[in-house]
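Undergrad: So the protein lines, in turn, are chains A and B.
In the working numbering, each residue's number is its place in the first sequence (first place is 1) plus 418.
In the working numbering, each residue's number is its place in the second sequence (first place is 1) plus 534.
FYI, nobody ran anything at the bench for these hints, they're computed from the structure.
Cβ atoms here follow ideal geometry from the backbone N, Cα and C, with glycine treated the same way.
Among these hints, one or two may not hold up.
Claimed, not checked - Over 12 Å on every C-beta distance to chain A, these chain B residues come out as not near it, computed from the model:
{"no.": "1", "residue": "543"}
{"no.": "2", "residue": "569"}
{"no.": "3", "residue": "582"}
{"no.": "4", "residue": "585"}
{"no.": "5", "residue": "601"}
{"no.": "6", "residue": "623"}
{"no.": "7", "residue": "761"}
{"no.": "8", "residue": "767"}
{"no.": "9", "residue": "808"}
{"no.": "10", "residue": "810"}
As the list claims (entries may be wrong) - Sample of chain B residues at the chain A side, in silico, Cβ under 7 Å:
{"no.": "11", "residue": "544"}
{"no.": "12", "residue": "603"}
{"no.": "13", "residue": "712"}
{"no.": "14", "residue": "807"}
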Amino acid sequence: MGGKQTQIAIASGKGGTGKTLLATNLAAVMDDAVLVDLDVEEPNCYLFHKGEGDTTEEAFRPVPSVDSVKCTLCGKCGEVCEFHAIVVLPKEVMVFKELCHACGACSLFCPEDAISEKDHLIGDIVSTSGDAFDLLYGRLRVGEAMATHLIQQVRKRIPEGGQIVLDCPPGTSCAPVESIRGADLCILVTEPTPFGLHDLKLALGVTEKLKVRTAVFINKHGLPGPDIDAFCNDNGIPVIGRLPLDRDIAERYSRGELLTQVADHRRVFESLRDRIKEILIT
Amino acid sequence: MKEIVIVSGKGGTGKTTVLARYAEIANNAVVADCDVDAPNLHMLLNPRIAHREAFVGSKMGVVDPDKCTNCGKCESLCRFDAISTIEVDGRKRADIDIDRCEGCGVCARVCPEDAIDLRDRIVGEWFISDTNYGTMIHALLEPGAENSGKLVAMVKHKAKKTAKDNGAELVLVDGPPGIGCPVIAALAGANIVVIVSEPTVSGLSDFRRVADLAGGFKIKCALLVNKADLNDEMTASLLEEATKREMPCIGRVSYDEGLMAAMAKGADAAAEYQDCPAIIEISKTYDALLGLL
Numbered sequence: 419m420g421g422k423q424t425q426i427a428i429a430s431g432k433g434g435t436g437k438t439l440l441a442t443n444l445a446a447v448m449d450d451a452v453l454v455d456l457d458v459e460e461p462n463c464y465l466f467h468k469g470e471g472d473t474t475e476e477a478f479r480p481v482p483s484v485d486s487v488k489c490t491l492c493g494k495c496g497e498v499c500e501f502h503a504i505v506v507l508p509k510e511v512m513v514f515k516e517l518c519h520a521c522g523a524c525s526l527f528c529p530e531d532a533i534s535e536k537d538h539l540i541g542d543i544v545s546t547s548g549d550a551f552d553l554l555y556g557r558l559r560v561g562e563a564m565a566t567h568l569i570q571q572v573r574k575r576i577p578e579g580g581q582i583v584l585d586c587p588p589g590t591s592c593a594p595v596e597s598i599r600g601a602d603l604c605i606l607v608t609e610p611t612p613f614g615l616h617d618l619k620l621a622l623g624v625t626e627k628l629k630v631r632t633a634v635f636i637n638k639h640g641l642p643g644p645d646i647d648a649f650c651n652d653n654g655i656p657v658i659g660r661l662p663l664d665r666d667i668a669e670r671y672s673r674g675e676l677l678t679q680v681a682d683h684r685r686v687f688e689s690l691r692d693r694i695k696e697i698l699i700t
Numbered sequence: 535m536k537e538i539v540i541v542s543g544k545g546g547t548g549k550t551t552v553l554a555r556y557a558e559i560a561n562n563a564v565v566a567d568c569d570v571d572a573p574n575l576h577m578l579l580n581p582r583i584a585h586r587e588a589f590v591g592s593k594m595g596v597v598d599p600d601k602c603t604n605c606g607k608c609e610s611l612c613r614f615d616a617i618s619t620i621e622v623d624g625r626k627r628a629d630i631d632i633d634r635c636e637g638c639g640v641c642a643r644v645c646p647e648d649a650i651d652l653r654d655r656i657v658g659e660w661f662i663s664d665t666n667y668g669t670m671i672h673a674l675l676e677p678g679a680e681n682s683g684k685l686v687a688m689v690k691h692k693a694k695k696t697a698k699d700n701g702a703e704l705v706l707v708d709g710p711p712g713i714g715c716p717v718i719a720a721l722a723g724a725n726i727v728v729i730v731s732e733p734t735v736s737g738l739s740d741f742r743r744v745a746d747l748a749g750g751f752k753i754k755c756a757l758l759v760n761k762a763d764l765n766d767e768m769t770a771s772l773l774e775e776a777t778k779r780e781m782p783c784i785g786r787v788s789y790d791e792g793l794m795a796a797m798a799k800g801a802d803a804a805a806e807y808q809d810c811p812a813i814i815e816i817s818k819t820y821d822a823l824l825g826l827l
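Please construct the entire structure, taking both the sequences and the accompanying hints into account.
TA: Okay, structure coming up:
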């Protein structure tokens, strides 16, 4: 692939379909892949990573800070905040950090120049190299509401070039969108259940909107549910891999083991890796 | 009236299965599906929609192409990289990418030509429905929309109001995965939170984080270990973490491929999963839960 970077996003509408399972094992069979865990609310890839030497840096977002000496309580900041994050009371200005989107309106429009922005800790960003893959991930501080700020900051730390695997948060809201946006390929992980199919359709709404090329991976293959293959076939979406419903796989996952240690399972991810290569060339 | 909220941290641990069973047993609870971006509960409870309403999630900037002089002021001040310059019929002007726009209104306020209008943005829909087990409030957010927390708060508010109006004693809330804004909105005001977890390294890590979140709000929690026999060691670790937080465990539910297969067949196989061991075990946890209320 040379110097040009390829980003493969692993996402799903439904939670618990096997995104992390797929992302970690795929990264393990790729040469020099960097795995980036963007599920900053519940990052789990690190549990499957063996290596040492973490670098951790704190991540912040700006929130308003009001200089009570300069402030005349004119009310302008409260008026321009669309998120009700700043409220002007008769004697003071209150800032609700958790509602703040860091748009900068309050400080921009304050006629007294009384509002500055100060850093508010939202989590940290960890990078570490390892045996099977290098890992970069964000960890949202518990209690912090807005994951997207941290996702954006983790994405900015992605090294140049090479192959990047992005483990995305579940669902279809702003956090998964921020994670999938701009990827060269998005693999939607699903399962043959009515829930899996329903949420796959929702997730396809996201990748379509973002104009990201999409393929499907079926986990727990063999469950007697809806025919995901037929659905994908009808909609022109390639199914690029399958993993069976198998208690052994579930047990290995539960212990934090990579499936690539088992030859049969390893082949699934190797052939997935090769399919991805083919897709990205065309 | 009591409110029970089910969360999990990690997705796919069985929240919705547990909640649907609770709704069946409770009969006449008001049920709220707060997983608004990937709701699934309706697939188990088959709601008949009685009322639907659009959800205005946020605002968005809209450029008047005739007024815009492409001065660049809005673009330079937009913190969300939502504004760029486009050329239409040989004329350059500002263009707002609504997928990036968070509706802060800075662009509309700074535009010297008054060329940007801040408008309401409909980003989803919410519903009041009848089910065989009581009223259900649910919603669907558009793909990629902001403000799922606001929609969750709205669904919860409507559910509580409905319970009051109907004299229902219980509100059952199916929460979203994660620990971010929609989860925080789902937890607010709960009488008790059930954390459905699974004995995996991921399940344990996610349990700790969501338990700390709920603990930070001083909400009473209970643990339910699903697929408990998948990994006895991890189940022991989960119980240990719960004990550390003085959190009772309301039961262990077995890893049950029979139930998975029955659920995969959907609502048509409802009779089939009534007899699954895991469903019987879930039913027992409901009694334990009521004991805590």
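Undergrad: With a cut-off of 7 Å on the beta carbons, see whether residue 712 of chain B makes it to chain A.
TA: Since the shortest Cβ distance to chain A is 4 Å, the answer is holds.
Undergrad: May I ask you to check that residue 601 of chain B keeps its beta-carbon over 12 Å from the closest beta-carbon of chain A?
TA: Its Cβ never comes within 12 Å of chain A, the nearest being 21 Å, so this holds.
Undergrad: Is it the case that residue 623 of chain B keeps its Cβ farther than 12 Å from each residue Cβ in chain A?
TA: Nearest chain A Cβ is 24 Å from residue 623 of chain B, so the label holds.
Undergrad: Does residue 810 of chain B sit more than 12 Å from chain A, CB to CB?
TA: Answer for residue 810 of chain B: holds, closest chain A Cβ roughly 14 Å.
Undergrad: So is residue 582 of chain B really clear of chain A, every C-beta pair being over 12 Å apart?
TA: Given a closest Cβ separation of 18 Å, the condition holds.
Undergrad: Taking the minimum C-beta separation from residue 543 of chain B to chain A, is that value above 12 Å?
TA: Nearest chain A Cβ is 5 Å from residue 543 of chain B, so the label is violated.
Undergrad: Taking 12 Å as the cut and beta carbons as the points, is residue 808 of chain B off the interface with chain A?
TA: Residue 808 of chain B clear of chain A: closest Cβ-Cβ about 17 Å, beyond 12 Å.
Undergrad: Classify the hint on residue 807 of chain B as holds or violated, based on whether any CB of chain A lies nearer than 7 Å to its CB.
TA: Residue 807 of chain B check fails; min Cβ-Cβ to chain A is 12 Å, beyond 7 Å.
Undergrad: Per the CB criterion, is residue 544 of chain B less than 7 Å away from chain A?
TA: holds, 6 Å
Undergrad: If we take the beta carbon of residue 585 of chain B, is the closest beta carbon in chain A still more than 12 Å away?
TA: The claim holds: residue 585 of chain B sits with its nearest Cβ about 22 Å from chain A, beyond 12 Å.
Undergrad: Regarding the hint that residue 603 of chain B lies at the interface with chain A, is the smallest CB-CB distance below 7 Å?
TA: Status violated, d = 21 Å.
Undergrad: Check the non-interface label on residue 569 of chain B: least C-beta distance to chain A beyond 12 Å or not.
TA: violated, 8 Å
The structure shown violates the earlier hints numbered 1, 2, 7, 8, 12, 14.
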